[in-house]
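Just so you know, the protein sequences line up as chains W and E, in that order.
The first sequence runs 1 to 203 under the numbering used here.
The second sequence runs 1 to 109 under the numbering used here.
Since the hints were made in silico from the structure, they are not lab data.
Every residue, glycine too, gets a C-beta built ideally from N, C-alpha and C.
Some hints here could point you the wrong way.
[Claimed, not checked] Only some residues are given here: those of chain W computed to face chain E with a beta carbon under 8 Å:
| no. | residue |
| --- | --- |
| 1 | Phe69 |
| 2 | Leu79 |
| 3 | Phe102 |
| 4 | Asp114 |
| 5 | Leu190 |
Each chain, written out:
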Amino acid sequence: MNDVLDQFFHSLGHLFDEAETCLTPYLPGQEFVALLAFAFYVLLIVSGGLVAVLARNLVRATLGLIVTFFGVAGMYLLLASPFLALMQLLIYVGAVCVLIFFAIMLTKNTSDGDEAKFPKISNLILAFLAALGPLVVAGPLIYQGTKAITTRKPVDSGANLGEGLLSIDLLPFELISIVLLVAMAGAVFLAYRPGSKEGSAAL
Amino acid sequence: MSPLTLFLLASLLLLSIGLIGLITRRTLVGLLISVELLLNGAGLAIVAAAKTASLTGALDIHGQLAALFVMGLAAAEATLVLAMVLVVQRRFGRSATETITVIKGSKEC
Numbered sequence: 001m002n003d004v005l006d007q008f009f010h011s012l013g014h015l016f017d018e019a020e021t022c023l024t025p026y027l028p029g030q031e032f033v034a035l036l037a038f039a040f041y042v043l044l045i046v047s048g049g050l051v052a053v054l055a056r057n058l059v060r061a062t063l064g065l066i067v068t069f070f071g072v073a074g075m076y077l078l079l080a081s082p083f084l085a086l087m088q089l090l091i092y093v094g095a096v097c098v099l100i101f102f103a104i105m106l107t108k109n110t111s112d113g114d115e116a117k118f119p120k121i122s123n124l125i126l127a128f129l130a131a132l133g134p135l136v137v138a139g140p141l142i143y144q145g146t147k148a149i150t151t152r153k154p155v156d157s158g159a160n161l162g163e164g165l166l167s168i169d170l171l172p173f174e175l176i177s178i179v180l181l182v183a184m185a186g187a188v189f190l191a192y193r194p195g196s197k198e199g200s201a202a203l
Numbered sequence: 001m002s003p004l005t006l007f008l009l010a011s012l013l014l015l016s017i018g019l020i021g022l023i024t025r026r027t028l029v030g031l032l033i034s035v036e037l038l039l040n041g042a043g044l045a046i047v048a049a050a051k052t053a054s055l056t057g058a059l060d061i062h063g064q065l066a067a068l069f070v071m072g073l074a075a076a077e078a079t080l081v082l083a084m085v086l087v088v089q090r091r092f093g094r095s096a097t098e099t100i101t102v103i104k105g106s107k108e109c
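Here chain E stands alone, though its shape is the one from the complex:
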């Protein structure tokens, strides 16, 4: 078993755990936590694949920089989600996912 296999399996584990969270969590903040787990798995997989593999022609720094960009995107995403959660909380009084199932113009609105 090569080191690359181990690292990729670890990132796969992160993906699975994040999926469990995405399905079972009831609030938007809980979903945010699960998405962060998923993004971490993605970054780890990118770095590991660019490190060892002859799978891709990418250089080592390409992998590291791509993971760095993933981190930046995760930070931007967390900021925006925080603002969205705030708006939902103001309008509906709670931040459970089931409260925002009605869109403008539908019957119950």
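If we strip away everything but chain W, and leave its shape as in the complex, we get:
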């Protein structure tokens, strides 16, 4: 059973390696495929993000957010980081989105709540202008600074990741476990109401 799983993950890793080599112009046809995939992921990210930001119903906004998460996971695949792609789906789609759904449910943010009205057109235009700021400032800088870079580093495997967690990144690894514990304890402390019989049903 273990051997079968090993082989499966091995072939999966090869698939991702191939996807990554596509991004370098070894063969013109491959590069085209990679660009096509990249364009598809960008489409997912932009459309999902716009739904997440502009939808008047928060449940729909969260669904848009999930689409964006899938797009970013695809980007990680193209970057030859299959482990990160899986973690993206597991943590963001599996945990964070469920938390957001809980928040929507507990605050009774229904379709006729505070978000129901579309923001004023003038506010919307100002928001788009503000979002244009980083694009206009950082976009050309990124283009200038990175257009000449073609060298790539050797790809690390999942085993390297595990070793890194236990050697060079040991301190952040331990710290983040403390952060998670403190966050959980803090959340319980904030939301806990001692002595109330109705509990959260009163919400």
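Starting from the known structure of chain W, fit chain E onto it as the hints suggest.
Leaving out everything else, chain E in the frame of chain W:
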């Protein structure tokens, strides 16, 4: 145009979209959704920069692990924000951002 440029521009796009949300949303939950977009852009930029660049001396795994830590922080942040939204909802009855503009000790309190 190098692959790194493409990936960094994509993360910049995520940043901009998240900013639009931060400005236009009226409820705390909506703000949480926008912040998640911003954090995703940050993770993507970190991984892409450590992958291709000779910009930084970082190893490939450094980038991936840093993105992993960003994800962990995002999970912790979402938990805490959920608790805070609950507290605000209990105290004020709604979770719009405009309801929590008064702090303790000010005139209207």
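Which of the listed hints are broken here?
none
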